[in-house]
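S.K.: Residues per chain, in single letters:
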Amino acid sequence: MNIELIFSGFGMLLNIEVILFLILGLAIGVLLGSIPGISGMIAISIMLVPSYYMEPLQAIVFLSAIYTGSIYGGGLTAILLNIPGTPAAVPTCFDGYPLTQQGKYSVALGTGIGSSIIGVLISYTIILFLLVPIGSFVLSLGPPEMLMVVIFAFSIIGASKGSIRKTFIVGLIGLLLGTIGATPSGRPRGIMGEYALFEGIDLVPALLGLLAVSELFFMIEKEFIVKEGDKKSTNLKEIFEGIIYVFKNPVNAIRSALIGTGIGLLPAAGVTIASMTSYGQAQRASENPEKFGEGAQEGLMAAEVANNSSEGGSMATMLSFGIPGSSTVAVLMAALMIHGLNPGPFLMRDHLDFAYAIILSNIIGVFLLAIIAVIFVYYFSNIVNIPTRILVPAIGIFSVLGAYSVRGLFIDVLVLLVFAFLGYLVRKYEYPIMGVVLGFILGGMMDAEFVRTYTMYGNDPLALFNRPLFVVLLAITLLSYIVPIITKRIKGKGNVSS
Amino acid sequence: MGRKANAYERGFKMKKIGNIIFLIFVVIISTAYYFDVSGLPDIEERIYVYFLYWALLILILIEIVKNIKEILAEKNEDDTNIINYFKGLSILKNKQIILGGSLVIYVVMTQYIGFFISSFMYFIGLTYFLGTRGIKGVIVVPAGLCVVIYILFVSLLGINLPQGLII
Chain A
1 MNIELIFSGF
11 GMLLNIEVIL
21 FLILGLAIGV
31 LLGSIPGISG
41 MIAISIMLVP
51 SYYMEPLQAI
61 VFLSAIYTGS
71 IYGGGLTAIL
81 LNIPGTPAAV
91 PTCFDGYPLT
101 QQGKYSVALG
111 TGIGSSIIGV
121 LISYTIILFL
131 LVPIGSFVLS
141 LGPPEMLMVV
151 IFAFSIIGAS
161 KGSIRKTFIV
171 GLIGLLLGTI
181 GATPSGRPRG
191 IMGEYALFEG
201 IDLVPALLGL
211 LAVSELFFMI
221 EKEFIVKEGD
231 KKSTNLKEIF
241 EGIIYVFKNP
251 VNAIRSALIG
261 TGIGLLPAAG
271 VTIASMTSYG
281 QAQRASENPE
291 KFGEGAQEGL
301 MAAEVANNSS
311 EGGSMATMLS
321 FGIPGSSTVA
331 VLMAALMIHG
341 LNPGPFLMRD
351 HLDFAYAIIL
361 SNIIGVFLLA
371 IIAVIFVYYF
381 SNIVNIPTRI
391 LVPAIGIFSV
401 LGAYSVRGLF
411 IDVLVLLVFA
421 FLGYLVRKYE
431 YPIMGVVLGF
441 ILGGMMDAEF
451 VRTYTMYGND
461 PLALFNRPLF
471 VVLLAITLLS
481 YIVPIITKRI
491 KGKGNVSS
Chain B
499 MGRKANAYER
509 GFKMKKIGNI
519 IFLIFVVIIS
529 TAYYFDVSGL
539 PDIEERIYVY
549 FLYWALLILI
559 LIEIVKNIKE
569 ILAEKNEDDT
579 NIINYFKGLS
589 ILKNKQIILG
599 GSLVIYVVMT
609 QYIGFFISSF
619 MYFIGLTYFL
629 GTRGIKGVIV
639 VPAGLCVVIY
649 ILFVSLLGIN
659 LPQGLII
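Keeping their order, the protein sequence lines are chains A and B. Per the numbering used here, the very first residue in the first sequence carries number 1; after that it's consecutive. Per the numbering used here, the very first residue in the second sequence carries number 499; after that it's consecutive.
Just chain A, same shape as in the assembly:
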């Protein structure tokens, strides 16, 4: 770590134009990220062209701020409408939306703001000081370790409420759906002659269907999202209470930020499983795990802290290796290259102060995000006062629009419909929707890492135990499956005897 270069990076930010672009980027990111159908990647892609005319630092600070703002914006619709703005915001729906239904959306939104602050602060502070050594750790992870990480992430399924068997049924359904597409050898599998599915079922229409559209079947039975007796107007005091709640729970905050940053570092895993894993760990560590899924503020906090902190991890991998952890970061990387800066070892060697400037801009930016977010949510949250007879068709239209926005293909809209009906049936017959979502997100990753591991060690599986990191991850993963099952059985017997 070079303190001089950190100060040099900070000095580069002391420019009114850079600060103004930072504020503008955050505002645009929050606004676009909160619109169903527009992801962070689309938001950055739209603003890529105007950024051509900016200085390199201004452009990267601007686009990076859009990324930060859009992550937060995606969490907004997850909380208010059960529509995740990005796949990483999926666990935000699990407790954020029930809080809205209980009339506590101001508190939920405030918790989201506080979580963004803490998540970004901790993760970017970590990578500010550990940017260089982080690299060697990431390089030491091979396919066997990545396989264990993904299997470990899937284990949070065991923490779901209700029947373990039902949970694993839907989890396996999700995993199977995640295998549709090209095999790791490049052959089509399960695509039914539809070559648009060769790259797999796209995540966005599938998640829109499973979460947003399937919710419409239940929303249509009510007059408002919020129960009549729980309806309130947006309350600034409650928003601030939500923000302060995050700072009053440092253990959850630090744990979730470390999980988010750590998993965000991994290019293959990335942001999609960071929030899921953090949510599951928070449930395991909670004194009231049964409240998760029904409006547990600590669950919402864990998901959002990890979601926001995974950005720092992704940025670290992109800056130090030139490997983007997500499609959004890939667009950011393209922006760097357009301005003549190649992420990776050469950036680290020749322009480390620039890398530090980007990191510091995010740390400074999170405080500005808090101000922008409070103003935005105060007005945006009035959406819950719209009657469902207007909201239901509107959300349906935006969901179809979101599906078309991905690739402009009708097949994605059909995927949306199929997953919507699947999501409805899963919820109607009381299976945990989280199981399908988690299985689907992880299915493809698990398949790819499994095949790589099998190719390397299929002839001599015992050689896997020569990899110390693999052994540690295997032990942790096994415990993460066995402990919840035993705990549930013990609790079940305890309920029977009492």
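Keep in mind that the hints were calculated from the coordinates and are not lab data. Hints may contain errors.
[Unchecked claim] Among chain B residues calculated to face chain A with C-beta under 10 Å, some are:
| # | residue |
| --- | --- |
| 1 | 521 |
| 2 | 534 |
| 3 | 596 |
| 4 | 628 |
| 5 | 649 |
| 6 | 651 |
[To be verified] Only part of the chain B face toward chain A is listed, based on derived beta-carbon distances under 10 Å:
| # | residue |
| --- | --- |
| 7 | 535 |
| 8 | 545 |
| 9 | 546 |
| 10 | 604 |
| 11 | 635 |
| 12 | 650 |
| 13 | 657 |
For glycine and all other residues, C-beta sits at the position ideal for the given N, C-alpha and C.
Here the structure of chain A is known, so what remains is to put chain B in place on it, guided by the hints.
M.R.: This is chain B only, laid out in the frame that chain A set:
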């Protein structure tokens, strides 16, 4: 002789039967996928799906058996009759069925008459069915929504949406 099933028990049984039908459907689809995957040449391409399929099949069979046992345990004189259940179901008044049907029609319509016209018609039809009255709710809101979507997504973002004859 058993007593007649009350409304709760009929609902309970129908949910169990519905669950069984859902699980059978999952088995059929996943078995078709299993046979599709069996045609792949490399073992690495098949083994993972095989493992998932067999694990799923075993769990589903256990769940189906459990549901059947629970239904049989509730056996009484007036057993739930699926045909009578559907006879009593008023499809045109069931909001969920209407929503599902309208979504399917809407999605298909986007391909033939374009996204904006079908969205406009879908919004009007569904919101009217759900009880919205008055020009503002039925016409102005969907028209405004379509305009906003056009400006934001088509004009500014350049996203291609299915077009009809007019728009």
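S.K.: It remains to establish, for every hint, whether it holds in the given structure.
M.R.: The hints, checked one at a time:
1. 521: holds, 8 Å
2. 534: With Cβ-Cβ at 6 Å, under 10 Å, it holds.
3. 596: holds, 8 Å
4. 628: holds, 4 Å
5. 649: violated, 12 Å
6. 651: Holds, about 7 Å.
7. 535: Holds. Min distance 6 Å.
8. 545: Holds, about 7 Å.
9. 546: Given a least distance of 5 Å, the restraint on residue 546 of chain B holds.
10. 604: holds, 7 Å
11. 635: The hint holds - residue 635 of chain B has a Cβ within 10 Å of chain A, the shortest such distance being about 7 Å.
12. 650: holds, 8 Å
13. 657: holds, 5 Å
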